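When you get a sec, could you build the whole thing from the sequences and use the hints?
If you read the sequences in order, they're chains A and B. With the first letter of the first sequence counted as 1, position 24 gets the number 24 in the working numbering; the numbers rise by one all the way through. With the first letter of the second sequence counted as 1, position 183 gets the number 1183 in the working numbering; the numbers rise by one all the way through.
Calculated directly from the structure, the hints in this document are not laboratory data. All figures in this text were calculated on a predicted structure; none of them were measured in a lab. There are no misleading hints in this set.
Listed below are the simulated BS3-like cross-link pairs for lysine-lysine, each with C-alpha atoms no more than 25 Å apart in a straight line:
#1 B:Lys1034 x A:Lys134
#2 B:Lys1034 x B:Lys1062
#3 A:Lys34 x B:Lys1034
#4 B:Lys1129 x A:Lys34
#5 A:Lys62 x A:Lys52
Listed below, chain by chain, are the residues.
Protein chains: 2
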Amino acid sequence: MQISPWDKRNARDRERLLKRDAVLQVAVRSFNEKGFNATSLDDVAESLNVTKPTLYRYFSSKDEILFECVRLGLEGLQNAAASVERRGGDGMERLKALIRDYAMLMTQDFGMCITRTSDHELSPESRMKFRSMKREVDATIREVIEDGIRDGSIAAGDVRMMAFTVTGALNWIARWYEPGRELSPEQIAERCLATLVGGLAPRSGAEG
Amino acid sequence: MQISPWDKRNARDRERLLKRDAVLQVAVRSFNEKGFNATSLDDVAESLNVTKPTLYRYFSSKDEILFECVRLGLEGLQNAAASVERRGGDGMERLKALIRDYAMLMTQDFGMCITRTSDHELSPESRMKFRSMKREVDATIREVIEDGIRDGSIAAGDVRMMAFTVTGALNWIARWYEPGRELSPEQIAERCLATLVGGLAPRSGAEG
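Given below as structure tokens:
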């Protein structure tokens, strides 16, 4: 069978991407468990049965690997925000969908890395990109809350503080969640959503 | 005037404590702004017009200074928890008092340091002490929520997840708050409390 050189090239690209992903998967777990500073690229390489110079074929530095992990996490949040923008329904329905997706992402490696990484662990350039991606997600959350207040599905209040309260509760999942030892990501998302939407004060019978 | 040697000793002790406090005040701001790793004790000493060896009269290491900052923050939370335990009122009244105090502490230097410090920046020994202090505060929050569910002032739900949702929203204040540029700590506490207690869903007119 004749193999086209283009196919060959695609296969090489695919393999390169697979290897690059494997580096990120191992690195993000170490960042989340041990922190950026205590993560050694020698250990990451050893886990993958390669040497450190091999990693440098895919990334120029540990900083770049960290940023790529955080970027992938933020990409997840951006996708959740974008799908909510396309979605129909009132403000509350859209906010609930976004809270669910956000909570689930916080139980996954790259999402967790967003919260567990301190601002000052990123290089100044990465920090700027990080903040601008984060601002987009935050803006969507505020817009959806504003829509909900306007259509009456969300209680009136200080939109910025409401958004901070929601994202704080959600981001914090990434600090306490331990895979396997906990409720499932779906259960965590539903229960966190219940408290945020219903509030701590009991509701009258009529409201259910 | 005759000065008693005991007074002299007290004066020396007081001065020592004042100087020790000054080191912590300068260090905690640097930890919060630049992070533990980027904080240099030479810079801390320079801000205080002394040299680094002078700092070692008060602390044995940068690790010890960080732990002392975090410990002071946690002491604030523990005091808030203890005062809520002595306090009368139903579960919701006591939880509200605790949320207010907790939110205010998150806008202050040492409280902020609790959230901004990653677990893995503390030495293993400090981390154990930190976690045990934190567990005490978390236990009080859960107890107050349980009391409130029992006396009907707080909505029924998964107590542990409710506590995580509350502390997540509160801890996050320490990540976004910038002194001077924001609402006052009192305003932040009240608005965060309003969202947590009332919930995002509107309440029927009868409930106000």
